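S.K.: Okay, here's what each chain looks like letter by letter:
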Amino acid sequence: MGVASTLGQPVRRREDARLLAGRGRFLDDIELPDALHMAFVRSPHPHARFELKRPGRLTFTAASVAGRVAPPQIVPPPGLTVEPIPHPVLADGIVRYVGQPLAAVVAESRALAEDLAERVEVEYEPLPAVDDPRAGETMVRWEKSEGDVAGAFARAAHVVRSERVIPRLVAAPMETRGALAAMEGGRLTVWTSSQSAHRPRAQLAQSLRMSEDELRVIVPDVGGGFGSKGTLPVETPLVAFAARELGRPVRWIEDRRENFLAAPQGRGISGVVELAFDAEGRILALRGRVLADLGAYLLPSTPIPPHTTAMLLAGCYDIPAVEVFVTGARTHKVPTGPYRGAGRPEAAYLIETAMDTAARQLGVDPIELRRRNFVRAFPHRTALGWTYDSGDFEACLDRALELVGEPEGHIGVAMCVERSAGLFEHASVTRDGEVRVGSVPAGQGHETVFAQIAADKLGLDVDQITVITGDTDEVADGVGSFASRSTAMGGSAVAAAADDLLAGGPGVARFESEQVFTSGAYVAVVEVDPATGAVRVVKLVAVDDAGRIINPLLAEGQVVGGAVQGLGASLLEAVDGAPATLHDYSLPTAGEIPAFATAFLESPSPHNPLGAKGIGESGTIGAPAAIANAVAAAVGMRLDPPFTAEKVWRALR
Amino acid sequence: MKPAPFEYVVAGSWDEAVAALDGDSRVLAGGQSLVPLMNQRLVRPRRLVDISGIPGLIERRRGALRIGATVRQAALERSTLIAGGWPLLRQAVRHVGHPATRARGTIGGSVVHADPRAELICALIALDARFTLSSGRAVHGPLQLGPGELLTAIEVPRLQPFAKSAFVAYARTSGSFADAAVAVVLEPDRAADAVLGAGRAGEAEAAVRAGASATDAAALAADLVDGDHHRALVAELTRRALVEAGHA
Amino acid sequence: MSGWGDTPPDLDRPGFGTPPASADAPRTTTRISVRVNGTQRHAEVEPRTLLSDFLRHDLGLTGTKVGCETGSCGACTVQLDGEPARACLTFAIQVHEADITTIEGLPHGPLHAAFHEHHALQCGFCTAGMLMTLDAFLKTNPEPTEDEVKHALSGNLCRCTGYAPIVKAVLER
Numbered sequence: 001m002g003v004a005s006t007l008g009q010p011v012r013r014r015e016d017a018r019l020l021a022g023r024g025r026f027l028d029d030i031e032l033p034d035a036l037h038m039a040f041v042r043s044p045h046p047h048a049r050f051e052l053k054r055p056g057r058l059t060f061t062a063a064s065v066a067g068r069v070a071p072p073q074i075v076p077p078p079g080l081t082v083e084p085i086p087h088p089v090l091a092d093g094i095v096r097y098v099g100q101p102l103a104a105v106v107a108e109s110r111a112l113a114e115d116l117a118e119r120v121e122v123e124y125e126p127l128p129a130v131d132d133p134r135a136g137e138t139m140v141r142w143e144k145s146e147g148d149v150a151g152a153f154a155r156a157a158h159v160v161r162s163e164r165v166i167p168r169l170v171a172a173p174m175e176t177r178g179a180l181a182a183m184e185g186g187r188l189t190v191w192t193s194s195q196s197a198h199r200p201r202a203q204l205a206q207s208l209r210m211s212e213d214e215l216r217v218i219v220p221d222v223g224g225g226f227g228s229k230g231t232l233p234v235e236t237p238l239v240a241f242a243a244r245e246l247g248r249p250v251r252w253i254e255d256r257r258e259n260f261l262a263a264p265q266g267r268g269i270s271g272v273v274e275l276a277f278d279a280e281g282r283i284l285a286l287r288g289r290v291l292a293d294l295g296a297y298l299l300p301s302t303p304i305p306p307h308t309t310a311m312l313l314a315g316c317y318d319i320p321a322v323e324v325f326v327t328g329a330r331t332h333k334v335p336t337g338p339y340r341g342a343g344r345p346e347a348a349y350l351i352e353t354a355m356d357t358a359a360r361q362l363g364v365d366p367i368e369l370r371r372r373n374f375v376r377a378f379p380h381r382t383a384l385g386w387t388y389d390s391g392d393f394e395a396c397l398d399r400a401l402e403l404v405g406e407p408e409g410h411i412g413v414a415m416c417v418e419r420s421a422g423l424f425e426h427a428s429v430t431r432d433g434e435v436r437v438g439s440v441p442a443g444q445g446h447e448t449v450f451a452q453i454a455a456d457k458l459g460l461d462v463d464q465i466t467v468i469t470g471d472t473d474e475v476a477d478g479v480g481s482f483a484s485r486s487t488a489m490g491g492s493a494v495a496a497a498a499d500d501l502l503a504g505g506p507g508v509a510r511f512e513s514e515q516v517f518t519s520g521a522y523v524a525v526v527e528v529d530p531a532t533g534a535v536r537v538v539k540l541v542a543v544d545d546a547g548r549i550i551n552p553l554l555a556e557g558q559v560v561g562g563a564v565q566g567l568g569a570s571l572l573e574a575v576d577g578a579p580a581t582l583h584d585y586s587l588p589t590a591g592e593i594p595a596f597a598t599a600f601l602e603s604p605s606p607h608n609p610l611g612a613k614g615i616g617e618s619g620t621i622g623a624p625a626a627i628a629n630a631v632a633a634a635v636g637m638r639l640d641p642p643f644t645a646e647k648v649w650r651a652l653r
Numbered sequence: 001m002k003p004a005p006f007e008y009v010v011a012g013s014w015d016e017a018v019a020a021l022d023g024d025s026r027v028l029a030g031g032q033s034l035v036p037l038m039n040q041r042l043v044r045p046r047r048l049v050d051i052s053g054i055p056g057l058i059e060r061r062r063g064a065l066r067i068g069a070t071v072r073q074a075a076l077e078r079s080t081l082i083a084g085g086w087p088l089l090r091q092a093v094r095h096v097g098h099p100a101t102r103a104r105g106t107i108g109g110s111v112v113h114a115d116p117r118a119e120l121i122c123a124l125i126a127l128d129a130r131f132t133l134s135s136g137r138a139v140h141g142p143l144q145l146g147p148g149e150l151l152t153a154i155e156v157p158r159l160q161p162f163a164k165s166a167f168v169a170y171a172r173t174s175g176s177f178a179d180a181a182v183a184v185v186l187e188p189d190r191a192a193d194a195v196l197g198a199g200r201a202g203e204a205e206a207a208v209r210a211g212a213s214a215t216d217a218a219a220l221a222a223d224l225v226d227g228d229h230h231r232a233l234v235a236e237l238t239r240r241a242l243v244e245a246g247h248a
Numbered sequence: 001m002s003g004w005g006d007t008p009p010d011l012d013r014p015g016f017g018t019p020p021a022s023a024d025a026p027r028t029t030t031r032i033s034v035r036v037n038g039t040q041r042h043a044e045v046e047p048r049t050l051l052s053d054f055l056r057h058d059l060g061l062t063g064t065k066v067g068c069e070t071g072s073c074g075a076c077t078v079q080l081d082g083e084p085a086r087a088c089l090t091f092a093i094q095v096h097e098a099d100i101t102t103i104e105g106l107p108h109g110p111l112h113a114a115f116h117e118h119h120a121l122q123c124g125f126c127t128a129g130m131l132m133t134l135d136a137f138l139k140t141n142p143e144p145t146e147d148e149v150k151h152a153l154s155g156n157l158c159r160c161t162g163y164a165p166i167v168k169a170v171l172e173r
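Residue numbers (the UniProt record's numbering), protein chains in the order written: chain G, 1 to 653; chain F, 1 to 248; chain P, 1 to 173.
Incorrect hints may have been included.
To give an idea of the interface, some chain G residues facing chain P are shown, with a C-beta separation under 7 Å as derived from the structure [claimed, not checked]: (1) V3; (2) T6; (3) Q9; (4) R12; (5) P44; (6) P220; (7) G223; (8) G224; (9) A442; (10) G557; (11) H583; (12) D584; (13) L587; (14) A590; (15) I593.
Residues on chain P that point at chain F, a partial pick, calculated with CB under 7 Å [what the hints assert, rightly or not]: (16) A43; (17) P47; (18) R48; (19) E69; (20) T70; (21) G71; (22) T77; (23) G82; (24) E83; (25) R86; (26) I93; (27) L138; (28) P142.
Derived list of chain G stretches under chain P, where covered just means 3 residues or more per stretch with a C-beta under 8 Å from a C-beta of chain P [what the hints assert, rightly or not]: (29) 19-26; (30) 172-178.
These are computed hints drawn from the structure, not numbers from a lab.
Every value quoted in this text rests on a predicted model; they were computed, and no experiment measured them.
Heads up, the beta-carbon is just placed ideally off N, CA and C, and yes, glycines get one too.
Assemble the whole structure, with the sequences as input and the hints as a guide.
M.R.: Laid out in structure tokens, this is it:
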């Protein structure tokens, strides 16, 4: 053997060669000569009754697929009360958001399919639409209380109240979603741009009333997901159904307009946090109210972000008593779902802005106020019920303050907590270095990280390992890649499978673990131009403790990439009406990025053999809260994102 | 997002282009404004008349600058004639889209498309440009094409010795459409101040000539636009442009 | 209501799904000849066929990606007669007798190596457009400043990397 372990080394990615040469194979790169293209007729109204006039023989409608394609089941997180309002495959008589599919057509090319779709005659009768979630009916409800909250507020020396709003955001991966389906040897193969292979298979089996054995799901290269590809598009079962019915492959590649209108959006919450402090500035209790704008229907993942928001409201602080209510409201908008962070950025924004507000009200330095309240002993079971496995919040903060130095501009500090991992992941490993994992990459670098882990165990060179993901015929079982779980769960499954092989077993493992909790400290330095209100983020410092880092180069890539998404959410992004293009909804460009300083601390997780935690979301969690606090310091008052020039300029007047 | 079907005609000359146009056709030059609209089916001409093959030159004629309508924006950016004699155009064109759109997009396309956010129009207005049309007409100021009329060239008068100019824009992201922009040309006996989407700021120009401060003149320019933040942007950008062009 | 599912449609009929011709402008194709990555290619194209679709689906050069079809994202950037161009904003019929380079025709060089070294790509969907833009940019400006690189890149969106590693890769190639 004698091959040195690469764990902890910045191994360059084995994915890069094919992608740099243009040889990546993404969904729309798969040519099936016979494939038909599907296009959808989508509602132009947020709420309307409609009638399809003389739908053609080749038009799929709710009526024509009734009883043959079922909407997905809603399985809410434990403890949530949920009204079962699933997203219909195709709208039946009433549309409830702009972009909702109500009919589908197929043709020999996408252009022809669009020609056909625009010829489908629909008569709409617009109905009043609910835009404000405060006026929407309740679809999701959850509450939790622990400790003597009323008593704590009664005896508090200070009570601080903070009310904040985060608008809806669009994940906007550069590759949109889509599906390609074909009957192959009596079975149905579905290629999908997804963060999972096994979950879509289960859902398609349920939707199409097929057994999982009759289905093969293949996930090719994925051009970014950010949570938005963790939910099976409602269109996909119809694509699969059409391929089965027609006996010809059917392809639907979502275009950018469809991605804006019909892909699940993120965030869209408002929240109130009340903190009771004693005279020394220690938090005695927290009250939280979270209202989520869930949109028109529940996707299977829709209830998750508001629940996570609530469960993480205590942040990195030791708060003995809590009382939190969550309401998810129905509006006439596209459903929400997980978007990078999925509740974590919302929670960090609510608690970290409340801490700065509290510091101002109490006359204490915001950094000092945080120090007084940090959780310091691990494992720590929060009053809300999750258990932080390991960490050192103060060390993260100290390191971040070191890295920021003596900046010019206004600074804002925010801590972050990233729930990651949980559930299970499946892997198998062979003697000659073939690794199969249920995790499904969307650009993070799974092939490299899993190869590092397997090579370390087997005493092989990284280049001798082959990693296979994203094919239900190749990989026996799996969950997928979301909630920053791939290294901790997929990686640990690879390690466990290799251990099994080395112990004389078949080299198969199903690794299960509790959730693990990454933490971090972020500092933003901003400049505000008082004449125009323009905000420029000059520097971002990110110090993350994600347990043991397998590949620091890739981990830093996740942090910086996430932080720039967070920068977009802070300065530019918000769904206003129904954006349809990247002109309507601006993403950050290279021109807006700040200088970065990043570092990692490593408090290993006790829950997996690698000591690893997740790092995929921390940038989107910590950066927006830090930027918000910096902008508040610069402007002298609290604003909610995005901090557009106009909004800041008004605040300065 | 695919365009609706259309018929495609190549015009080798302005006469051919005019002959090929009818009420239901559109001119295709660089396509950088038109094709996004066609892809979204917001515009669906029955016929496209491609004029991009009609030669266009950047040349000096009797001291003035003459730019053929089909000249690509990237050519403006690279032209030493323009950099030397009319640097404002070079400054402005660098705010138009991105390198890959400037390589295809034409100056004539920008002018005729007449998006109120078109940076090149703002600069051309500050430079007192004249638009030459296929009908033989020449137009100063806002361009209104008649039926069957095409923009064939743009003429920009010679600047006086010691002229200074500046183009300042504010956009949310680098290279996106500007929310506000200002083009300023200061010559010994002339001051021009054009505001994106709003034309020339005559009162501000008069104030500059009368020796008003950049801040005071800028406040007058801001009166051209609506909305208090928009006015604040225009005032600040005008002030910066005046200072950059040497007016205190 | 729709009668879908009762009568199997004649899906093998050529032009299946084609709407009645009377409703449309004349549907004709034109033969074009174009040099792509050094090889002369000939094809019949409809006027409305975008260069991006022509390259990907008619020529099988799928390295060029499509991200928005409004010219905003830059994923489809190719080099057209040596200049960067949005393939989604150009009709294939316009490139008759032109010379096109796509990512497949860009020789591996120091820029590719620097992207690999600095982890300047994650999902890789924007990468072809980035490289085609940068290759053209660096030919005219081989020693750019950081701000010049950011400006040159601002028409190419990346949702993964946060751009910083890309800028670094260009400066340290």
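S.K.: Which hint numbers does the structure go against, in order from smallest to largest?
M.R.: 1, 2, 3, 5, 6, 12, 16, 23, 27 and 28
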